[in-house]
Amino acid sequence: MRSQMKIIVDILVALENSENGAKITDLVRKANVPYVRLTELLDELLKKKLIESIKNDDGNYYRITKNGAMLLDEYRKFSSFAENLGLEID
Amino acid sequence: MILPKWARSSAWIERWPSEPEAPGSNPGGPALSLKKVLKGACKQSLNEMMDLKIISYSVSIAVSLIISFYFIFGYSKLKSTTFITGFAAFLLIALGLSLNFYNLSFIGYLFEAAGFFLSSLSHAKTVRRYLVLGIVPDAIGQTLAFFFSLYAGLETVLFYSRSGKKINLITGLGFMLISVSIFLQLIIYLIPNDVQLIVQLVGYSLLISALVR
Numbered sequence: 194m195r196s197q198m199k200i201i202v203d204i205l206v207a208l209e210n211s212e213n214g215a216k217i218t219d220l221v222r223k224a225n226v227p228y229v230r231l232t233e234l235l236d237e238l239l240k241k242k243l244i245e246s247i248k249n250d251d252g253n254y255y256r257i258t259k260n261g262a263m264l265l266d267e268y269r270k271f272s273s274f275a276e277n278l279g280l281e282i283d
Numbered sequence: 496m497i498l499p500k501w502a503r504s505s506a507w508i509e510r511w512p513s514e515p516e517a518p519g520s521n522p523g524g525p526a527l528s529l530k531k532v533l534k535g536a537c538k539q540s541l542n543e544m545m546d547l548k549i550i551s552y553s554v555s556i557a558v559s560l561i562i563s564f565y566f567i568f569g570y571s572k573l574k575s576t577t578f579i580t581g582f583a584a585f586l587l588i589a590l591g592l593s594l595n596f597y598n599l600s601f602i603g604y605l606f607e608a609a610g611f612f613l614s615s616l617s618h619a620k621t622v623r624r625y626l627v628l629g630i631v632p633d634a635i636g637q638t639l640a641f642f643f644s645l646y647a648g649l650e651t652v653l654f655y656s657r658s659g660k661k662i663n664l665i666t667g668l669g670f671m672l673i674s675v676s677i678f679l680q681l682i683i684y685l686i687p688n689d690v691q692l693i694v695q696l697v698g699y700s701l702l703i704s705a706l707v708r
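Top to bottom, those sequences are chains A and B. Reminder that position 6 of the first sequence reads as 199 in the numbering used here, one-by-one numbering, no gaps. Reminder that position 141 of the second sequence reads as 636 in the numbering used here, one-by-one numbering, no gaps.
Note that these hints are calculated values from the structure, not bench results. One thing to keep in mind: the hints can contain errors.
Pairwise CB distance ranges (calculated) [stated by the list, open to error]:
(1) A:Ile200 <-> B:Thr638: 53 to 61 Å
(2) A:Val206 <-> B:Ala609: 35 to 43 Å
(3) A:Glu233 <-> B:Phe601: 45 to 53 Å
(4) B:Asn598 <-> A:Val206: 32 to 40 Å
(5) B:Phe643 <-> A:Arg222: 24 to 32 Å
(6) B:Leu681 <-> A:Met263: 20 to 28 Å
(7) A:Ser246 <-> B:Val558: 42 to 50 Å
(8) B:Ser615 <-> A:Arg222: 44 to 52 Å
(9) B:Leu639 <-> A:Asp266: 16 to 24 Å
(10) A:Asp266 <-> B:Gly636: 54 to 62 Å
(11) B:Phe642 <-> A:Lys242: 33 to 41 Å
(12) B:Leu649 <-> A:Asp266: 37 to 45 Å
(13) A:Arg230 <-> B:Lys548: 37 to 45 Å
(14) A:Ile217 <-> B:Ala557: 34 to 42 Å
All C-beta atoms, glycine included, are put in the ideal place defined by N, C-alpha and C.
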C-alpha cells in the first residue's frame, strides 16, 4: 500500500511529465488514484500552492508549480538517502 | 596572599586547591559533581582505550550524528514519520556509542539496541510481507539450525582434544561446515548458491565418516 506522501509524489511526477498540464482523468490513470481521493488531494495541493489549476476550452488542467517542483526535488534527495539505509518513506 | 588556616603548614601548600571546595569537607577538597565524575571516568577510559578504538568510536559517533541530523533535516522538509524515527534511532545509537567513553558500554549497548530497534520499525511492513510468505519462520529455523550445528561442531572438536580420536575432529568439522552452509543460505536467501551446496555436501559427507567404523 502506498503512503499519502508517495501518492502526492506520484501526482506531482505525473504533472511534471506533462508539459502543458494534465486533466484530472489523465491523473487518475497516471498516478493510479481513485477519482474521489484524487480530487481531495488536488484541493490540498492547490491550497499549499504545490500545483495550479488552468482553465482551458477543453476543461480544467493542472500544472506543477515551482514550489511543487522544489518539493519533488527534496523528496528525491531524501528518499534516496532513506532507501540507501533500507527505509521506506511513510 | 593570606592563606586559610589549614594551608599554612608546608605539607598543605602542595595541595592548594585549584577548584572550589565542597562545603564542610575535612580536609578541604575539590567539590564532586556528576559532571566531574563522568569527566574523570572519561579520562580514565580514554587512557585505557587503544588509539584504534578511540578513532573507531569517534568516527561511528560522528557518522551516527550526521545521519541523525540529516534525518531531522529531511523531516523539516517532508514531515514524514520515517525521518523523525530515523532521527531518534540514530541519536540513540550515537548516545549508546558515546557511553563507551565513560566505561558504560553495557548501558551503551542497550541504547544502541533501542536505536536499531526503532530503526527496524520502519522495516516492519516489509517483515510482515515476508511473514506472509513464510520466509521469516524459515529464517528463524535456519538461524537455530545454524547455531545448533555450530554448537555441535564446537563440542565435538573440543571432545577431540580429550579423546584424541581423529573421527571426532572430522565429524566436528562436518558439523561446522553444515553451519557454514546454513549461514550462506541465510545471507543469500532464495538465491540458488553453488558454494553453499558444495559446503553442505562436504559437511554432511564428513558426518558420514562417523558411520565408517
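Results for each hint:
Separated by about 37 Å at the C-beta atoms, Ile200 of chain A and Thr638 of chain B break the suggested range of 53 to 61 Å. At about 36 Å, the beta-carbon gap between Val206 of chain A and Ala609 of chain B stays in the expected band of 35 to 43 Å. Glu233 of chain A and Phe601 of chain B have their C-beta atoms about 51 Å apart, which keeps the hinted 45 to 53 Å range intact. A hinted range of 32 to 40 Å for the beta carbons of Asn598 of chain B and Val206 of chain A is inconsistent with their spacing of about 52 Å.
Evaluation of the 24 to 32 Å hint for Phe643 of chain B and Arg222 of chain A yields a failure: the beta carbon distance comes to about 54 Å. Distance hint check: the CB atoms of Leu681 of chain B and Met263 of chain A are about 43 Å apart, inconsistent with the given range 20 to 28 Å. In this structure, Ser246 of chain A and Val558 of chain B meet the distance hint of 42 to 50 Å, their C-beta atoms being roughly 45 Å apart. Taken as a hint, the range 44 to 52 Å is violated for the pair Ser615 of chain B and Arg222 of chain A, whose Cβ atoms sit roughly 36 Å apart.
Between Leu639 of chain B and Asp266 of chain A, the C-beta spacing of about 47 Å breaks the proposed range 16 to 24 Å. A C-beta distance of roughly 45 Å is found between Asp266 of chain A and Gly636 of chain B, which places it outside the suggested range of 54 to 62 Å. The supplied range of 33 to 41 Å is broken by Phe642 of chain B and Lys242 of chain A, whose beta-carbon atoms lie about 57 Å from each other. A hinted range of 37 to 45 Å for the beta carbons of Leu649 of chain B and Asp266 of chain A is inconsistent with their spacing of about 54 Å.
Checked against the hint of 37 to 45 Å, the C-beta distance between Arg230 of chain A and Lys548 of chain B comes to roughly 54 Å, which is inconsistent with it. In this structure, Ile217 of chain A and Ala557 of chain B break the distance hint of 34 to 42 Å, their C-beta atoms being roughly 49 Å apart.
In this structure, the earlier hints numbered 1, 4, 5, 6, 8, 9, 10, 11, 12, 13, 14 are contradicted, and the remaining ones agree with it.
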